[in-house]
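Enquirer: The primary structure of each chain is shown beneath.
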Amino acid sequence: MRQLLSHCLIGAATLLFAPLAVASDFSLQSVFDSLAKRSPSTTRFVEQKKIAEFEAPIESTGELSYQAPARLEKRTLTPEAESLILDDDMLIVERGEFRREIPVADMPAIGAFVASLRGFVSGNLENVQQAFELTLSGDTKKWTIHGKPVESAVARIVETIEVSGSDGQLSVFAVALTSGDSSILTLIK
Amino acid sequence: LALVIAALLISRAPFLADMSIFLPRNPIDGVSSALNGRSSSLAADEALLFDARYLLASGVSADEFSEQGLRESVTRTISLLRGGVGLFAKDNILRDPTGAAPRVFETVSDKNRPRTENGVWVTRDGQSLLFVVRTAAQGTDLDAQEKILAKLDQAFVELRKELNLSDATITLSGPPLFAVQSRDMIRGDVVRLSTIGVGLIVLFLVFVFRSLPAVLITLVPMFSAVAVGAAAVAAVFGSLHGLTLGFGAALIGETVDYAIYHLSSVRNKDSSTAVWRPVRLGVMTSVIGFAVLLLSGFPGLAQIAVFAISGLVAGYLVAKWILPVLTPTQFAPRSLAGVGKMADRLMQFGSAPRLLIGAVTIGAVIFSLTHQDQLWDSDIAALNPIARSAQQMDQVLRESLGEQGARVMVMVRAGNEAQAFEAAHLVTAAMTNAGPGANASGFSSPTQILPPPSVQRANQAALPDSEQLKQALAVATEGQLLSAKKFQRFSDDVQAARSRKPLSSADFSGTQIGARLSTLLIPGQQEFTVLIPVNDPSTGEIKLNVLRDAMPELTDANVDVLDLKAQTNNLYGGYLREAVTLSALGALAIAFLLAWRLRSMRALAGIALPVTATLSIVIAALVFFGQSLHLLHLIGLLLVAAVGSNYALVVGQYHDDPLPDPATLGALCVANATTLCGYGVLAASSVPLLSALGMTVGLGAPLVLLTSLLWIGRGESRARR
Numbered sequence: 032m033r034q035l036l037s038h039c040l041i042g043a044a045t046l047l048f049a050p051l052a053v054a055s056d057f058s059l060q061s062v063f064d065s066l067a068k069r070s071p072s073t074t075r076f077v078e079q080k081k082i083a084e085f086e087a088p089i090e091s092t093g094e095l096s097y098q099a100p101a102r103l104e105k106r107t108l109t110p111e112a113e114s115l116i117l118d119d120d121m122l123i124v125e126r127g128e129f130r131r132e133i134p135v136a137d138m139p140a141i142g143a144f145v146a147s148l149r150g151f152v153s154g155n156l157e158n159v160q161q162a163f164e165l166t167l168s169g170d171t172k173k174w175t176i177h178g179k180p181v182e183s184a185v186a187r188i189v190e191t192i193e194v195s196g197s198d199g200q201l202s203v204f205a206v207a208l209t210s211g212d213s214s215i216l217t218l219i220k
Numbered sequence: 033l034a035l036v037i038a039a040l041l042i043s044r045a046p047f048l049a050d051m052s053i054f055l056p057r058n059p060i061d062g063v064s065s066a067l068n069g070r071s072s073s074l075a076a077d078e079a080l081l082f083d084a085r086y087l088l089a090s091g092v093s094a095d096e097f098s099e100q101g102l103r104e105s106v107t108r109t110i111s112l113l114r115g116g117v118g119l120f121a122k123d124n125i126l127r128d129p130t131g132a133a134p135r136v137f138e139t140v141s142d143k144n145r146p147r148t149e150n151g152v153w154v155t156r157d158g159q160s161l162l163f164v165v166r167t168a169a170q171g172t173d174l175d176a177q178e179k180i181l182a183k184l185d186q187a188f189v190e191l192r193k194e195l196n197l198s199d200a201t202i203t204l205s206g207p208p209l210f211a212v213q214s215r216d217m218i219r220g221d222v223v224r225l226s227t228i229g230v231g232l233i234v235l236f237l238v239f240v241f242r243s244l245p246a247v248l249i250t251l252v253p254m255f256s257a258v259a260v261g262a263a264a265v266a267a268v269f270g271s272l273h274g275l276t277l278g279f280g281a282a283l284i285g286e287t288v289d290y291a292i293y294h295l296s297s298v299r300n301k302d303s304s305t306a307v308w309r310p311v312r313l314g315v316m317t318s319v320i321g322f323a324v325l326l327l328s329g330f331p332g333l334a335q336i337a338v339f340a341i342s343g344l345v346a347g348y349l350v351a352k353w354i355l356p357v358l359t360p361t362q363f364a365p366r367s368l369a370g371v372g373k374m375a376d377r378l379m380q381f382g383s384a385p386r387l388l389i390g391a392v393t394i395g396a397v398i399f400s401l402t403h404q405d406q407l408w409d410s411d412i413a414a415l416n417p418i419a420r421s422a423q424q425m426d427q428v429l430r431e432s433l434g435e436q437g438a439r440v441m442v443m444v445r446a447g448n449e450a451q452a453f454e455a456a457h458l459v460t461a462a463m464t465n466a467g468p469g470a471n472a473s474g475f476s477s478p479t480q481i482l483p484p485p486s487v488q489r490a491n492q493a494a495l496p497d498s499e500q501l502k503q504a505l506a507v508a509t510e511g512q513l514l515s516a517k518k519f520q521r522f523s524d525d526v527q528a529a530r531s532r533k534p535l536s537s538a539d540f541s542g543t544q545i546g547a548r549l550s551t552l553l554i555p556g557q558q559e560f561t562v563l564i565p566v567n568d569p570s571t572g573e574i575k576l577n578v579l580r581d582a583m584p585e586l587t588d589a590n591v592d593v594l595d596l597k598a599q600t601n602n603l604y605g606g607y608l609r610e611a612v613t614l615s616a617l618g619a620l621a622i623a624f625l626l627a628w629r630l631r632s633m634r635a636l637a638g639i640a641l642p643v644t645a646t647l648s649i650v651i652a653a654l655v656f657f658g659q660s661l662h663l664l665h666l667i668g669l670l671l672v673a674a675v676g677s678n679y680a681l682v683v684g685q686y687h688d689d690p691l692p693d694p695a696t697l698g699a700l701c702v703a704n705a706t707t708l709c710g711y712g713v714l715a716a717s718s719v720p721l722l723s724a725l726g727m728t729v730g731l732g733a734p735l736v737l738l739t740s741l742l743w744i745g746r747g748e749s750r751a752r753r
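Residue numbers (the numbering used here), protein chains in the order written: chain A, 32 to 220; chain B, 33 to 753.
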């Protein structure tokens with residue numbers, strides 16, 4: 032009986048302080064939880080790449096689609112069709128006739144990039160944290176997450192990732208490389 | 033080198049992805065390499081392959097480096113750089129515009145790689161992590177293998193404690209484990225069953241003699257025989273196989289006979305040669321029977337022969353010459369006449385039992401003849417002491433590793449590595465053509481990974497010099513988004529490749545590819561062998577003749593297409609046939625010896641007929657109970673023949689001696705029972721070799737005494753007594 036009473040009390044207290052708790056609860060976990068809730072199946076994107084060898088930035092457009100539990104497809108449509116698929120731990124590259132499957136473990140840098148993109152799209156924090164050490168700034172309305180590679184094989188090539196969004200909406204996924212090159216992926220609502 | 037496959041059966045496999053029990057942090061002594069699919073171990077391979085791409089790649093040609101060819105390459109490079117992957121592999125893409133490296137990776141990559149989760153190998157069901165451990169010790173050095181296996185187990189137990197994973201288990205499999213297990217099983221069974229056998233014999237002797245001195249006297253020749261037999265084998269062969277000891281330990285049952293004859297002669301106060309004459313002849317027949325096995329090419333049979341001959345002779349000599357010295361002068365052992373009376377009764381039936389024995393024997397022979405296909409087991413697997421479940425587990429793990437069965441192997445031999453690779457390259461081309469027709473489409477040739485020097489030199493010849501390449505690149509990059517100077521490192525790499533020494537297998541040492549190559553190459557002083565295993569087809573059989581006909585004619589190399597299973601079974605079948613021939617010769621030798629000593633065909637027939645009848649019945653009985661005969665059954669039969677002729681000699685006596693009195697018959701029965709104890713327990717062994725021996729002798733020994741008694745005991749004997 033006493034136990035029941037104490038349960039009731041705890042329950043009441045939780046109800047009372049619930050709004051307060053949500054307001055102060057802004058963490059990586061809460062951001063990813065909200066991303067997971069609104070995980071879209073298909074989003075269009077514009078990608079801007081800066082590569083030292085080319086004078087002008089390279090702009091491409093396409094679609095990003097996610098299928099639970101573990102398949103992300105980054106399909107570039109212009110200027111040249113190409114598909115980059117991460118299915119479980121297999122990376123599949125398709126360019127016209129050309130198709131190659133490579134275990135993610137064999138391509139650490141691009142593997143970390145695509146896997147963390149999949150982690151953000153699906154709202155899987157653990158997945159992203161396997162490859163990047165994350166820091167959060169901003170607030171629920173407008174947040175930014177910085178990531179530094181965990182593994183040296185990735186760090187040789189990737190400098191940082193910077194991802195921003197608002198609420199459960201992912202808006203920009205940017206990656207800066209040690210070579211000075213970069214890619215900024217903007218997702219269109 | 034020997035491989036151990038370890039599967040960590042862990043209910044939470046993903047959680048344990050970093051559980052590398054073989055990490056350098058605490059390396060295990062005696063392990064030369066441990067792989068679990070971590071990509072870092074591939075790094076050495078990738079750097080080497082990329083570096084040597086122009087020598088190893090297919091399709092390297094002058095066309096590829098022409099202005100037109102390079103223009104296509106530059107266009108493709110730009111498109112790759114702008115694509116999804118290009119950003120992350122920019123350096124390599126710019127260094128390799130012709131795409132030689134991806135072509136190398138494609139041919140070299142293992143198509144049947146294990147399933148990977150979180151970067152490490154797992155079994156097909158994803159429930160266990162997979163490791164491949166290569167031991168540094170020789171495969172035949174079982175002591176070293178045993179130590180390494182124990183260390184692996186221990187490392188796992190420690191790690192499990194450290195990570196607090198009480199529900200994790202480890203399964204080891206592979207040839208070293210099986211070899212060590214077989215040895216342990218045989219050793220364990222021999223020790224356990226011999227102890228039980230000796231215990232039974234002692235109990236039985238105590239029951240019969242009710243006298244400690246009598247029992248002790250009986251055991252003397254037995255232990256002398258084992259000691260001398262073991263010493264003789266060790267002296268001749270350097271080592272004693274567990275099986276030989278198992279056989280030998282059971283042989284002690286027969287040497288107990290000699291002691292019992294001694295005791296009955298003490299009791300009868302008759303130490304004359306008359307008592308010993310049949311025994312001596314029995315020893316001679318046994319020695320001759322086993323001497324034939326010395327000629328066998330099957331390792332082990334000769335050991336058994338040496339053990340049996342030296343042990344029996346030692347047992348006989350000790351019983352004849354040393355026991356009288358050890359026996360107290362006033363010693364009066366208990367009479368065995370009581371036991372003998374029962375045997376005597378069996379001899380009273382007159383000639384009727386002969387008809388029965390004859391009928392049963394004819395039935396047995398007919399049964400064996402009609403079951404000829406089940407008579408001999410020429411599959412060497414029949415001798416495998418490893419449990420079927422362990423063999424199946426091994427199969428499952430191998431499949432998880434992507435290892436495919438390969439019954440058929442093409443073997444290319446030449447004077448040195450370069451020649452062998454040149455020859456293997458031609459063979460590989462021929463196999464590619466003939467593959468579909470021969471139902472042999474999948475095979476792995478080392479030349480697919482490492483082309484022979486001639487191919488590598490042809491690739492080098494196709495590469496332009498720096499001036500030519502510079503001009504061609506200038507033209508090829510005209511009007512393109514990338515200028516020629518961006519390809520400087522490509523140009524440097526091409527120049528370096530032109531003067532590079534062609535690669536040999538030694539260049540791959542220490543890499544994963546090197547490990548794969550080493551399983552297909554057998555270097556030697558005089559000869560270098562390249563193996564090309566052909567994957568077992570998913571349906572049907574490989575057409576060996578088609579494959580053989582397709583092989584090129586080579587002057588400086590030998591090419592053989594081998595069916596491994598058939599070869600092994602042929603080899604074993606050869607041993608089996610040889611053993612059958614030798615046993616028949618042994619039987620014939622025994623018959624000649626008896627004929628010479630007995631000087632009477634009638635007396636010879638009196639001994640040979642019950643023994644032959646028994647052997648026929650034992651064979652039929654074994655086949656009837658689902659035992660196809662193999663080598664050790666044959667040894668058992670030989671032993672039954674030797675023991676049996678011994679019995680028949682004593683029962684029938686020879687020359688003009690009277691038929692034996694009940695005391696002698698009693699001694700015979702007791703001796704027979706001890707033989708039954710010694711061998712009968714072996715039938716319970718889980719090692720097929722030991723149980724086959726135990727069953728044959730356990731069945732044959734009592735039966736041969738019974739048939740001898742029934743056959744020889746005849747009506748007139750009573751009249752004569």
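What the hints contain is simulated information worked out from the structure, not anything from laboratory work. It is possible that some hints are incorrect.
As the list claims (entries may be wrong) - Calculated lysine-lysine pairs in the BS3-like style (CA-CA distance at most 25 Å, straight line):
{"no.": "1", "chain 1": "A", "residue 1": "Lys81", "chain 2": "B", "residue 2": "Lys122"}
{"no.": "2", "chain 1": "A", "residue 1": "Lys179", "chain 2": "B", "residue 2": "Lys122"}
{"no.": "3", "chain 1": "B", "residue 1": "Lys597", "chain 2": "A", "residue 2": "Lys81"}
{"no.": "4", "chain 1": "B", "residue 1": "Lys518", "chain 2": "A", "residue 2": "Lys81"}
{"no.": "5", "chain 1": "B", "residue 1": "Lys179", "chain 2": "B", "residue 2": "Lys193"}
{"no.": "6", "chain 1": "A", "residue 1": "Lys81", "chain 2": "A", "residue 2": "Lys172"}
{"no.": "7", "chain 1": "B", "residue 1": "Lys502", "chain 2": "B", "residue 2": "Lys518"}
{"no.": "8", "chain 1": "A", "residue 1": "Lys220", "chain 2": "A", "residue 2": "Lys173"}
{"no.": "9", "chain 1": "B", "residue 1": "Lys575", "chain 2": "B", "residue 2": "Lys597"}
To be verified - Using C-beta positions, here's what the derived DEER-type ranges look like:
{"no.": "10", "chain 1": "B", "residue 1": "Gly572", "chain 2": "A", "residue 2": "Ile133", "range": "29 to 35 Å"}
{"no.": "11", "chain 1": "B", "residue 1": "Thr571", "chain 2": "A", "residue 2": "Ala87", "range": "40 to 46 Å"}
{"no.": "12", "chain 1": "A", "residue 1": "Ile133", "chain 2": "B", "residue 2": "Val223", "range": "52 to 58 Å"}
Stated by the list, open to error - Some, not all, of what chain A presents toward chain B, calculated at C-beta under 8 Å:
{"no.": "13", "residue": "Leu115"}
{"no.": "14", "residue": "Glu125"}
{"no.": "15", "residue": "Leu156"}
By construction, the Cβ of each residue, glycine as well, lies at the ideal position given by its N, Cα and C atoms.
Enquirer: Is Lys597 of chain B within 25 Å of Lys81 of chain A, Cα to Cα?
Expert: violated, 61 Å
Enquirer: Hey, does the Leu115 of chain A contact hint survive, CB to chain B under 8 Å?
Expert: holds, 4 Å
Enquirer: Run the distance test for Lys81 of chain A versus Lys172 of chain A: straight-line Cα separation, threshold 25 Å.
Expert: violated, 29 Å
Enquirer: Is the straight-line distance between the alpha-carbon of Lys179 of chain B and that of Lys193 of chain B 25 Å or less?
Expert: Holds, at about 21 Å.
Enquirer: For Lys518 of chain B and Lys81 of chain A, compute the direct alpha-carbon distance and say whether it is at most 25 Å.
Expert: Roughly 16 Å separates the two Cα atoms, so the pair holds.
Enquirer: Could you grab the alpha-carbon distance between Lys81 of chain A and Lys122 of chain B and see if it respects the 25 Å cut-off?
Expert: Holds, at about 12 Å.
Enquirer: Take a look at whether the Cβ-Cβ distance between Gly572 of chain B and Ile133 of chain A falls inside 29 to 35 Å.
Expert: holds, 33 Å
Enquirer: Between Lys575 of chain B and Lys597 of chain B, does the CA-CA distance stay at or below 25 Å?
Expert: holds, 15 Å
Enquirer: Just to be careful: measuring from the Cβ of Glu125 of chain A to every Cβ in chain B, is the smallest value less than 8 Å?
Expert: violated, 10 Å
Enquirer: Taking only the CA atoms, is the gap from Lys220 of chain A to Lys173 of chain A under or equal to 25 Å?
Expert: Holds: Lys220 of chain A and Lys173 of chain A sit about 15 Å apart, inside 25 Å.
Enquirer: Can the suggested window of 40 to 46 Å be confirmed for the beta-carbon pair Thr571 of chain B and Ala87 of chain A?
Expert: For Thr571 of chain B and Ala87 of chain A the Cβ distance comes to about 57 Å; the hint is violated.
Enquirer: I want to verify a distance hint. Is the separation of the beta carbons of Ile133 of chain A and Val223 of chain B within 52 to 58 Å?
Expert: For Val223 of chain B against Ile133 of chain A, whose Cβ atoms are near 55 Å apart, the range 52 to 58 Å holds.
Of the numbered hints listed earlier, those contradicted by the structure are 3, 6, 11, 14 and 15.
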